[in-house]
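Novice: As a plain string of letters, each chain reads:
Protein chains: 2
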Amino acid sequence: MTPQTTKKTTTQTKKERIAVIGLGKAGLPLASVIADSGFKVTGIDIDAERCRRINKGENPLGEEPGLDELIQKHGGKNLTTSTNYHDASHCTLFIVIVPLFLDKDNTPDFSAISAAFKGVAKVLKQNDTVVLETTVPPTTTETLVRNWLEEGSHLKLGDFHLAFSPERIMTGFSISRLREFPKVIGGVDEKSGRQAFRIYRQFIPNLKQVSSARAAEFIKVIEGCYRDVNVALANELFQIADSLTIDFYEAREAANHKYCDIHLPSTGVGGHCIPVYPWFLVKEMERREKFSYAQLLRTARVTNDEMINFWAGKIIRECLNLNKPLSKVKICIKGLTYRKGVKETYHSRNFALAQLLAKKGLDTYAYDELLTPKEIEKFGLKPLQPSKADIVFDSFNLIINTQTHHQ
Amino acid sequence: MTPQTTKKTTTQTKKERIAVIGLGKAGLPLASVIADSGFKVTGIDIDAERCRRINKGENPLGEEPGLDELIQKHGGKNLTTSTNYHDASHCTLFIVIVPLFLDKDNTPDFSAISAAFKGVAKVLKQNDTVVLETTVPPTTTETLVRNWLEEGSHLKLGDFHLAFSPERIMTGFSISRLREFPKVIGGVDEKSGRQAFRIYRQFIPNLKQVSSARAAEFIKVIEGCYRDVNVALANELFQIADSLTIDFYEAREAANHKYCDIHLPSTGVGGHCIPVYPWFLVKEMERREKFSYAQLLRTARVTNDEMINFWAGKIIRECLNLNKPLSKVKICIKGLTYRKGVKETYHSRNFALAQLLAKKGLDTYAYDELLTPKEIEKFGLKPLQPSKADIVFDSFNLIINTQTHHQ
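Chains as they are written, first to last, in our numbering: chain A, 342 to 748; chain B, 342 to 748.
To be clear, the hints were calculated from the coordinates, so they are not data collected in a lab.
One or more of the hints may lead you astray.
[Claimed, not checked] Here are the simulated DSS-like pairs of lysine-lysine, each with C-alpha atoms no more than 30 Å apart in a straight line:
no., chain 1, residue 1, chain 2, residue 2
1, B, Lys681, A, Lys665
2, A, Lys669, A, Lys599
3, A, Lys599, B, Lys671
4, B, Lys671, B, Lys684
5, A, Lys532, A, Lys549
6, B, Lys701, A, Lys631
7, B, Lys684, A, Lys631
8, B, Lys549, A, Lys599
9, B, Lys655, A, Lys599
10, A, Lys681, B, Lys665
11, B, Lys631, B, Lys655
12, B, Lys631, A, Lys701
13, B, Lys681, A, Lys599
14, A, Lys624, B, Lys599
15, B, Lys599, B, Lys549
16, B, Lys599, A, Lys655
17, B, Lys631, A, Lys624
18, B, Lys599, A, Lys549
19, A, Lys445, B, Lys665
20, B, Lys549, A, Lys631
21, A, Lys631, B, Lys665
[Claimed, not checked] Chain A regions said to be covered by chain B (calculated; three or more residues, Cβ under 8 Å):
no., region
22, 359–373
23, 380–391
Nothing here was measured: the structure is a model prediction, and the numbers come from that model.
Yeah, the Cβ is synthetic: ideal placement off N, Cα and C, and Gly gets one too.
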């Protein structure tokens with residue numbers, strides 16, 4: 342390659358061809374940011390309609406600051422999409438960023454990840470680099486992912502490079518996080534780590550290489566564990582303060598300082614991340630028969646998940662104060678999504694609270710400014726304007742309001 | 342009172358006469374700081390020798406930056422001491438700051454506090470103010486303390502004022518903390534709160550009045566709970582990282598940022614404060630039959646206390662690598678106090694670790710730069726220079742070193 346060629350590639354589009362597998366809430370912002378850094382990106386997703394819209398320059402997902410503009414600019418140009426892995430066969434970097442869920446036993450369900458890597462394996466070539474971004478249990482990349490790639494491609498690690506770099510998406514901040522937030526990357530072997538770091542830092546400005554894929558996996562998981570345990574602590578102290586008739590918020594404000602950061606209480610922890618990650622470590626320690634090693638993580642999970650029982654009890658006590666039979670009190674849960682302002686109900690405890698009250702035979706309704714009455718019905722709940730209810734539980738602010746109507 | 346008199350009292354010593362009950366590591370710095378603020382202070386302690394030395398201007402406690410100078414300046418002058426409560430009968434503010442321990446069942450043992458308040462009650466007069474500084478379970482001031490004072494004095498609350506203001510002493514920083522750190526105070530009734538705040542802010546610059554004594558009690562306890570749970574989380578994640586052969590410190594450094602503050606691992610949590618306070622809430626919730634309300638606090642306590650089993654296991658595995666029968670390997674625990682640089686072994690887990698290894702029949706020794714060989718023997722352990730041992734566990738840095746001697 343002559344110096345002239347180098348100059349040409351940096352001023353126009355960059356040499357590396359990059360595939361992003363998974364164009365959801367995490368993958369699409371990443372693919373767009375990479376395209377905006379001057380790379381040709383091939384997006385792969387199982388949803389054909391989503392692919393079609395991106396190729397037309399339309400954002401197929403909800404509102405995400407900055408995303409519309411990037412897709413309008415690059416969709417169908419620097420960012421082309423397909424449902425077919427063979428359309429990415431010219432790529433040399435494959436980034437997998439597809440969802441991982443828990444099954445009913447809180448064990449990770451790798452089906453989407455496994456399908457993605459089997460797809461990548463079909464088109465994997467000598468010297469290609471593969472990076473997983475989905476948060477997974479530590480050791481996943483070097484064991485399961487490596488096996489899927491080796492078996493499907495008939496190549497061996499060393500022929501290709503393999504690394505892990507956890508996404509740090511937060512809905513509403515996805516683009517800015519990619520551009521500013523520190524991000525780590527680690528290889529399953531030394532060369533993989535170096536190679537993946539070299540490419541990634543061309544589109545991730547604040548990138549740090551760590552010693553291994555396993556360390557990178559662990560780093561992401563323990564951040565979630567920190568949050569889950571500290572929310573559980575806040576929830577536990579909130580319940581204790583309630584029992585002692587102490588104003589938790591006053592106490593929290595006076596207690597917090599440079600060395601103390603008691604979190605805010607809630608109805609529990611929802612979403613795809615924080616309630617999921619502790620289970621990765623709990624289940625892995627169970628598998629290793631280190632049963633005592635994850636007791637705190639497990640207890641925190643239970644504490645957060647059981648907060649709905651505490652809130653149900655408080656709501657029912659308010660109902661009993663009304664001059665009506667309990668079954669006639671219209672209860673409205675206001676706020677159903679797992680976090681205020683994010684249209685996402687996965688593991689939403691507000692949702693679970695409404696279902697719990699309904700299951701107890703109480704006349705339970707729900708309202709969420711982000712959900713239509715039809716969407717609420719689809720979840721098996723009855724929609725109602727809060728003003729029409731007798732008791733409204735504002736789940737984001739943890740306030741129970743009694744409303745006096747004509748009775 | 343004429344304006345002239347007011348001027349005179351503020352330029353010389355202040356009007357209020359203050360008694361401080363308990364002249365230990367927390368009480369003596371407080372008494373000295375109050376004396377240095379221009380008040381006449383009467384210190385009361387059961388230890389006659391301690392009182393005698395203070396009256397001579399000597400610091401009877403260990404090194405504490407700034408304390409020697411204050412006692413030299415005020416001992417026997419602004420700060421006079423006695424074992425007899427009647428010597429404090431002219432005082433109008435009584436501050437109680439005596440130790441509280443846990444019994445074997447982790448239930449608080451109020452004997453020292455009860456004795457102090459019964460002493461105060463004997464000399465309590467109309468309009469006096471009483472403030473407890475010892476960290477206690479929430480509701481203690483308004484129930485137990487109030488009863489001891491009312492029964493012993495034949496006065497009623499209202500005749501006297503009663504408040505709680507938790508000490509925030511940290512050995513090595515006691516004087517600076519009193520002068521800089523935020524401190525809260527709360528009364529058992531409104532007038533008590535106002536009255537105690539009015540006097541206290543004359544010697545505590547950064548003072549905040551909260552709504553009740555109970556809230557002030559809770560604030561201090563939850564700070565300790567935050568620390569204990571977060572150290573337990575660090576210890577749990579450290580064990581998991583160990584099982585996964587991940588460098589915990591590398592992962593912690595990469596994971597921590599503005600919203601994540603994973604603490605440092607340890608051999609557990611010792612001292613008079615952090616391992617004690619969570620039990621206040623756990624036991625109180627048990628008493629109220631709210632068994633689910635303090636599961637996380639309880640699990641954190643157990644996790645921290647059981648870290649010595651993890652470390653014992655690691656030390657023994659190192660011993661097995663040596664070419665010697667296990668019982669012949671000289672193990673030295675280096676660092677016995679509960680915290681580096683503080684000569685205090687209460688609930689020290691380093692100490693418990695040494696005892697555990699000795700109990701298992703291993704040839705266990707101990708070393709601490711703050712303890713003489715005689716002091717180590719008094720604790721039932723064998724002293725040894727670390728250089729003479731085969732295996733040294735540096736308990737403050739969590740490093741196990743194998744040393745090769747002539748064997």
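Novice: Hints first: check each against the structure and report whether it holds.
Specialist: The hints, checked one at a time:
{"no.": "1", "hint": "B:Lys681 x A:Lys665", "result": "violated (63 Å)"}
{"no.": "2", "hint": "A:Lys669 x A:Lys599", "result": "violated (49 Å)"}
{"no.": "3", "hint": "A:Lys599 x B:Lys671", "result": "violated (42 Å)"}
{"no.": "4", "hint": "B:Lys671 x B:Lys684", "result": "holds (25 Å)"}
{"no.": "5", "hint": "A:Lys532 x A:Lys549", "result": "holds (15 Å)"}
{"no.": "6", "hint": "B:Lys701 x A:Lys631", "result": "holds (22 Å)"}
{"no.": "7", "hint": "B:Lys684 x A:Lys631", "result": "violated (35 Å)"}
{"no.": "8", "hint": "B:Lys549 x A:Lys599", "result": "holds (17 Å)"}
{"no.": "9", "hint": "B:Lys655 x A:Lys599", "result": "violated (34 Å)"}
{"no.": "10", "hint": "A:Lys681 x B:Lys665", "result": "violated (63 Å)"}
{"no.": "11", "hint": "B:Lys631 x B:Lys655", "result": "violated (38 Å)"}
{"no.": "12", "hint": "B:Lys631 x A:Lys701", "result": "holds (22 Å)"}
{"no.": "13", "hint": "B:Lys681 x A:Lys599", "result": "holds (21 Å)"}
{"no.": "14", "hint": "A:Lys624 x B:Lys599", "result": "holds (29 Å)"}
{"no.": "15", "hint": "B:Lys599 x B:Lys549", "result": "holds (27 Å)"}
{"no.": "16", "hint": "B:Lys599 x A:Lys655", "result": "violated (34 Å)"}
{"no.": "17", "hint": "B:Lys631 x A:Lys624", "result": "holds (29 Å)"}
{"no.": "18", "hint": "B:Lys599 x A:Lys549", "result": "holds (17 Å)"}
{"no.": "19", "hint": "A:Lys445 x B:Lys665", "result": "violated (50 Å)"}
{"no.": "20", "hint": "B:Lys549 x A:Lys631", "result": "violated (46 Å)"}
{"no.": "21", "hint": "A:Lys631 x B:Lys665", "result": "holds (29 Å)"}
{"no.": "22", "hint": "359–373", "result": "violated (count 0)"}
{"no.": "23", "hint": "380–391", "result": "violated (count 0)"}
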